[in-house]
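Colleague: Sequence:
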Amino acid sequence: MKENSTIAAIATALSPAGISIIRISGPQALDVIDRIYRTKKEVESIKKGEFAAAASSSAKKLSNAPTHTIHYGYICDENEVLDEVMVSIMKGPRSFTAEDTVEINCHGGILVTRRVLDCVFKNGAAPAQPGEFTKRAFLNGRIDLSQAEAVMELISAKNRFAIDASLEQLSGKIKNRIQDLRSTLLDEIAYIEAALDDPEHISLEGYTEGLTERVQKIRAAVKKMADSFDNGKVLTEGIRTVIVGKPNAGKSSLLNALSGRQRAIVTEIAGTTRDTLEEQIMLGDLSLILVDTAGIRDTSDVVEKIGVEKAREAAAKADLLIYVADSSRNLDEDDHKIMELLKNKKSIILLNKSDLSSVIQPKDLKEAGVDAPVLWISAANEDGLDALEQTIRDMFEQGMIAGNDEVVITNARQKTCLLNACESLRLAEEGIENGMPEDMLTIDMMDAYTSLGEVIGEEIEEDLVNRIFAKFCMGK
Numbered sequence: 001m002k003e004n005s006t007i008a009a010i011a012t013a014l015s016p017a018g019i020s021i022i023r024i025s026g027p028q029a030l031d032v033i034d035r036i037y038r039t040k041k042e043v044e045s046i047k048k049g050e051f052a053a054a055a056s057s058s059a060k061k062l063s064n065a066p067t068h069t070i071h072y073g074y075i076c077d078e079n080e081v082l083d084e085v086m087v088s089i090m091k092g093p094r095s096f097t098a099e100d101t102v103e104i105n106c107h108g109g110i111l112v113t114r115r116v117l118d119c120v121f122k123n124g125a126a127p128a129q130p131g132e133f134t135k136r137a138f139l140n141g142r143i144d145l146s147q148a149e150a151v152m153e154l155i156s157a158k159n160r161f162a163i164d165a166s167l168e169q170l171s172g173k174i175k176n177r178i179q180d181l182r183s184t185l186l187d188e189i190a191y192i193e194a195a196l197d198d199p200e201h202i203s204l205e206g207y208t209e210g211l212t213e214r215v216q217k218i219r220a221a222v223k224k225m226a227d228s229f230d231n232g233k234v235l236t237e238g239i240r241t242v243i244v245g246k247p248n249a250g251k252s253s254l255l256n257a258l259s260g261r262q263r264a265i266v267t268e269i270a271g272t273t274r275d276t277l278e279e280q281i282m283l284g285d286l287s288l289i290l291v292d293t294a295g296i297r298d299t300s301d302v303v304e305k306i307g308v309e310k311a312r313e314a315a316a317k318a319d320l321l322i323y324v325a326d327s328s329r330n331l332d333e334d335d336h337k338i339m340e341l342l343k344n345k346k347s348i349i350l351l352n353k354s355d356l357s358s359v360i361q362p363k364d365l366k367e368a369g370v371d372a373p374v375l376w377i378s379a380a381n382e383d384g385l386d387a388l389e390q391t392i393r394d395m396f397e398q399g400m401i402a403g404n405d406e407v408v409i410t411n412a413r414q415k416t417c418l419l420n421a422c423e424s425l426r427l428a429e430e431g432i433e434n435g436m437p438e439d440m441l442t443i444d445m446m447d448a449y450t451s452l453g454e455v456i457g458e459e460i461e462e463d464l465v466n467r468i469f470a471k472f473c474m475g476k
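Taken in order, the sequence shown gives residues 1 to 476; the numbers are from the UniProt record's numbering.
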């Protein structure tokens, strides 16, 4: 999978801007820039028509410049000046790709950027594929696969917490944890294999008695990492916040108030909302996926029944439930059924219509067995929304919505690899308990070792690597 060509691409968005960056990487990167870069003195000679003087100039070549230096000059296509630029030189292996790398900072116009890039191609570089720079960093051992995936997640991060999770992954936190687990597992495999090869000097007597506990400990650690994916999903996609309540309690008014626009239809007619509505909003650095649902009640209307069932399904998948109760009406059987949905779920109760005479008090909800923060609001008047937003932020920061895992997995592929490792370790435990021969035990343990390696790319097929990096943006 070693890449030997020299590649180039625009690393910034192709749109009118102050600057654009063209990245070149590979064994001929410095040769390419030497062919097209000119100093101010050389350009002055070109403008005077002194082409021979420019060509014979003894000005320094950038290939001879020290690494990690920046140079002012011009990009020229033969004797035509294309742009005034700054050029960064990063010689391998001290670069992102671990190869010789050049970055041309040119003006950000679409036309000028394309002309400079075409000149780079004309002088020896090939167009980079999506994600090819990061792929080379992985293939050259600069980063592991989990770090490479963190690059893309960092680019697409929707909030500060997603950025923090991506940066931790990029720093090698997942890699270090996986390597520790693989090392521990390999020690067990190596001992068993050595004992089978040299039974006279290495005994397995009594070894398997403690092996079950040791394998269980490894599996628990792997399972914990896999389970952190749910928390990681909250960080990267947002807190799935489902609004539930009876018809006309004010759920749609709350969605509209929080989103700042008329997203849901609000009428006096009960049961207006028949399907779920989703809206992504930001609470400071926190991202929420707000889901408005149909009012939950016993109904004979076939269409409304479908909406009620969808509301229950949405509630089951929620990271956070917001129960909106009409404080001007007494609690009834439908309210108590809704409160059953709150059990074992992180939730907030809103006593809506605080601008009207209230007949429900927070103590009524406590007596009904609901353990959740209770807030007064008027969704129609947008009163109490600040307190609601602060409560959500407090719950998140205290780890009540997403746990404070030491290592957080944010990638579905990584979770699958971890679950595969868990299953192999479970089979190994089962084999130990059933008295399976030791040489058979190491098969499942080795499968787990391989699955863990797939998380960081140490055990992975080339076609899968290609598919992963094909999802990256151009120039990265």
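If you are wondering where the hints come from, they were derived from the structure by calculation, not from laboratory data.
For clarity, every value in this text was computed on a predicted model and none was experimentally measured.
It is possible that some hints are incorrect.
[What the hints assert, rightly or not] DEER-style ranges, computed between Cβ atoms: (1) E213 x T416: 20 to 28 Å; (2) E205 x P373: 52 to 60 Å; (3) T416 x L167: 18 to 26 Å; (4) E213 x E458: 23 to 31 Å; (5) E367 x D298: 18 to 26 Å; (6) R160 x R312: 44 to 52 Å; (7) S5 x P373: 53 to 61 Å; (8) A470 x P93: 19 to 27 Å; (9) E367 x E389: 26 to 34 Å; (10) S5 x G435: 54 to 62 Å; (11) P93 x S171: 15 to 23 Å.
For every residue, glycine included, the Cβ atom is placed at its ideal position computed from N, Cα and C.
Colleague: For each hint, tell me whether it holds in the structure or not.
Modeller: A quick look at each hint next to the structure:
1. The supplied range of 20 to 28 Å is met by E213 and T416, whose beta-carbon atoms lie about 27 Å from each other.
2. Hint check: E205 to P373, Cβ distance near 59 Å, so the stated range 52 to 60 Å holds.
3. Range check, T416 to L167: about 23 Å between beta-carbon atoms, so the 18 to 26 Å window is met.
4. Look at E213 against E458: about 27 Å separates their beta carbons, and that is inside 23 to 31 Å.
5. Look at E367 against D298: about 23 Å separates their beta carbons, and that is inside 18 to 26 Å.
6. Against the hinted window of 44 to 52 Å, the Cβ-Cβ separation of R160 and R312 comes to about 33 Å, which falls outside the hint.
7. The supplied range of 53 to 61 Å is met by S5 and P373, whose beta-carbon atoms lie about 59 Å from each other.
8. Hint check: A470 to P93, Cβ distance near 25 Å, so the stated range 19 to 27 Å holds.
9. Here the CB-CB span from E367 to E389 is close to 28 Å, well matched to the stated 26 to 34 Å.
10. For the pair S5 and G435, the beta carbons lie near 55 Å from each other, so the given range of 54 to 62 Å is met.
11. Here the CB-CB span from P93 to S171 is close to 19 Å, well matched to the stated 15 to 23 Å.
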